[in-house]
Amino acid sequence: MQDIVESALLSAKRAGASYADVRIVEQEVEEISTKNGSVDALKRSYTKGFGVRVIFNGAWGFSSSFRMTNDEAEKVAEEAVAIAKASSMTKIEDVSLADIEIFQDDVKQSVKINPFSVSLSKKINLLLEADKLMKIPGVIVRSGSMYFLSEVKTFASSEGSYIKQERIVSGAGISSIATDGREIQIRSYPSSFGGDYQRKGYELVEEYKFLNNAERIAKESVALLKAKPCPSGVMDIVLGGAQLALQVHESAGHPTELDRVLGEEASFAGTSFLTPDKLGKFRYGSDIVNITADATIPEALGGFAYDDEGVKAKRIYLVKNGLFVGYLNSRETAKKLKLEPMGAMRAQSWNFMPIIRMTSINLEPGDKTLDELIAGVDHGIYMDTNKSWSIDQNRLNFQFGTEIGWEIKNGKIQDMVKNPTYTGITYEFWRSCDAIANKDFWHVWGVPNCGKGEPMQTMQVSHGVAPARFRNVKVGVLK
Amino acid sequence: MIGKEKALEILKKALSYSQADQTEAVLLGERSYLTGFANNYIHRNVGSEDYQFNVRVAFGKKIGAASSNIADEESIQKVIKDAETIAKFQKDNPDFVSFAKPEEAKFDSKLGYAESTAECDAEKRAIIAKKIIDRSKKFGFNASGTVETATQEFAVMNSLGVERYAVRTVASVKGVIMGDTSSGYSKESNIDIDKIDVEKVAEESVSIADKGRNPEPIEPGKYEVILTPYAVAEFISHMLYLSLNARALKEGSSFLINNFGKKLLGDNITMFDDGFSKLTIPMPFDFEGVPKKKVVFFENGIAKEVVYDTLTAYREGKESTGHSLPQPSPYSPYPMNFIMQGGAGNVDDMISHVKHGLFVQRFWYTNVMDPRKLVITGMTRDGLFLIENGKITRPLQNMRFTESIITALNNVSEISKSVKVVYDMAPVSVPYLRINNFTFTGKTEF
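If you read the protein sequences in the order shown, they are chains A and B. For the first sequence, position 157 matches number 253 in this note's numbering, and the numbering has no gaps at all. For the second sequence, position 136 matches number 217 in this note's numbering, and the numbering has no gaps at all.
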């Protein structure tokens, strides 16, 4: 391992690079999915390789390979420099990196139950038992899934960083799709799109008590078929945590990515309304809205010890008392705005160049209970569990659909409603937030599939949220 | 890249180590490069070469799968052993009949290959990027975009006698031009990078941004629209996984259930999948080694058929149409060479026929609101214009649409003759469409 690092860094230096770093990543994944009483897919996959990032003549170059030899390391570093040389043909100014503290570290992750030590039959049996409990009339697709990752990543730079980090991730979820021949309805547990994910061992699967929840979600999916449609109009809403996590993701996480803000993602993901002139001045939300980026939360999916530039994990405010105050940044973008690097650069694997990614982006808890949130609504909807999402490329106009909703009348939960949707403009929405549930309701949800960048990279991020209430929101786009 | 001989040798070796009743080995390789630019300079420039060596084994109806990106002797043995171990812990999959059965098929293994793309270097990509940047600068804009090349190898072998190899190339050039109040978009994809008209990409993206300066707000509502192929592809792609495959039929999301032979879309709508068509980035076989068959989804609006892989086909006593994704996959089968048949119009004439409507350059961030009714929401992006009395008259601020694909494809009044390949993970080849009563439900601030 050390040989490859040294060969790549030396070769880059010899070829004239002013800066170089190497990441060696080894990932093992186990994925199990069941559908309608049988195992749909069961797969183990393994990947290993290294990527070399260089600055040559003031421009970036990156190359990578799966061939783990010293000769290949030298060749890849040379190719990265050749690529950087081509990049410099359009250079406007030299790439410059903010200074950081240099670390040598070896970070282990301890889990209660190593998920790779749990037998496949135990995992399969649990999913199939849950499947059996969801088998009720009206349900057409019963599915369950588990995901386990073991990752070892070594980062070394020409500045002297040498950091080895271990990560273990577990994720699991179940869902039930019901139909009456005319429409389909879905319910998931504990969240949609694969459930919840955390940096934990198999204990995560045990904590979620799938067998206590399988029948309930199956019944809810069938009940939704006969539920009344979500009413349309402007009204108050209370969002459950599983939905609010995605609201934070799309309308707070992405618009505070400084590469987007500076136009570097304009070609694909888009830009952001949170331009630098608004930093420290713009009222993003109401006074009670506090949003942090915190990579230090133990077990959070978006957490780590060091990012892929060797920056130590931090907790910073993005929004404080409703005011927009911070960005997710890289060494390069931090330098451009004279900010402190906060450690948000990550790559999907060895064959991708790091870009700015969310860490754990959290809506800090408030002081209410969920009952108090609901008690304060005369007429509105309580919605939970994301079903669909869409937002414009500046992160202003959004529209979300959730799996389930309940009408709230005179401060009390009433009938279930189907196809709930709500839409709005980001800052108007967050300014209408007048109550957030307290820390007893706060949970860090893992989002394993955040897509960004070109080439497209999928990243594991997370969001700590408690249910919150929003006033005068446009509800029910679907007729 | 590995090449045919070596790839097949690896797969043959894998089969020889397996104790299973049936074994399938697949080697997928890609050498890819991407030169990305933003703010008028190259800010991201990357290269990668990687392989996926996938194995599936079957003991009776118990299937196990394993994969690695390394295919040396030790890894091959480990992947086979892992797959066998997994299979032994498995429950029977009652739907499983067999991996792909061999069938005769003759094709050129370099059907979709161009040397110029495979050999394109960083300097050539930078020169292409610079052409778009230079054009953008002349108009005072900031150019973003990408120049991408990929060489992809596909090799499939199974213990029943299937043996396939193909290599193909894909090149794409994209311009996203950013102004203070507007943006413009263009993208071309081809197997041969030398056949991409870079000037055209620069011209289209810059001219849309130029015409789009100082857009005015417009109220949501129903409008007649002209959708470019970019917008059409983004909108109707959801139909491919939600409706046009055998899995969607079984899982209840497809609106074709119990509707084959019925007229579900407008008379003028014909859609099919054809891996060998000149209108697509070709692919001679799928990831199970089954040769691609032409599958007609709709002919003059009448629902005809959907795509199958071996699992979904054999359980119904049918033949696979050659549309398996790399297995195991929850999204397989999938139309990988979707084509919507062109009509007789050209875009200028189509615009001239609109009295009051909108020209949509592109949709963005679309998502499904109702899978069975195919209700999709999303935003316009990179060019929205008002059409009055047959002419584009002024730029508009972006809007959100919420519309059913089924409804929209019953309201198509005109289709362009030209069909464009829109490549994003897989090629979708579609024309310009003129559609009546397209529903916009919200607006934004730019």
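Treat the hints as calculated values from the structure; they're not laboratory data. Treat the hints loosely; a few may be bogus.
[Unchecked claim] Quick list of in silico lysine-lysine cross-link-like pairs, PhoX-like style, CA-CA up to 20 Å:
| no. | chain 1 | residue 1 | chain 2 | residue 2 |
| --- | --- | --- | --- | --- |
| 1 | A | K324 | B | K454 |
| 2 | A | K144 | B | K172 |
| 3 | B | K454 | A | K322 |
| 4 | A | K187 | A | K432 |
| 5 | B | K172 | A | K218 |
[As the list claims (entries may be wrong)] Covered by chain A, per the in silico footprint, the following chain B stretches (three or more residues, Cβ under 8 Å):
| no. | stretch |
| --- | --- |
| 6 | 84-90 |
| 7 | 210-224 |
| 8 | 422-428 |
These numbers were taken from a predicted model, which means no experiment stands behind them. For each residue, glycine too, the CB sits at the ideal point set by N, CA and C.
Problem set entry | Hint consistency between K454 (chain B) and K322 (chain A) [alpha-carbon to alpha-carbon, up to 20 Å] | Since the Cα atoms of K454 (chain B) and K322 (chain A) sit roughly 17 Å apart, the hinted pair holds (cutoff 20 Å).
For this session: Between the stretch 422-428 of chain B and chain A, see if three or more residues pass the 8 Å beta-carbon test, and mark the coverage as holds or violated.
Result: With 0 residues closer than 8 Å to chain A, the stretch 422-428 of chain B misses the three-residue bar; violated.
Problem set entry | Satisfaction of hint between K454 (chain B) and K324 (chain A), Cα-Cα up to 20 Å | Holds. K324 (chain A) to K454 (chain B) sits at ~17 Å (cutoff 20 Å).
Problem set entry | Distance restraint between K172 (chain B) and K218 (chain A), which requires alpha-carbon spacing of 20 Å or less | Holds. K172 (chain B) to K218 (chain A) sits at ~12 Å (cutoff 20 Å).
Problem set entry | Proposed proximity, K172 (chain B) with K144 (chain A) (alpha carbon, max 20 Å) | violated (30 Å)
Exercise. Taking a Cβ-Cβ distance under 8 Å as contact, does the stretch 84-90 of chain B have three or more residues in contact with chain A?
Worked result: Violated: only 0 residues of the stretch 84-90 of chain B have a Cβ under 8 Å from chain A.
Exercise. For the stretch 210-224 of chain B, do three or more residues have a beta carbon lying closer than 8 Å to a beta carbon of chain A?
Worked result: Result for this restraint: holds, n = 4.
Exercise. Within a Cα-Cα threshold of 20 Å, do K187 (chain A) and K432 (chain A) meet the stated pairing?
Worked result: Distance ~15 Å between K187 (chain A) and K432 (chain A) Cα, so the pair holds.
The structure fails to meet hints 2, 6 and 8 from the earlier list, while all remaining hints are met.
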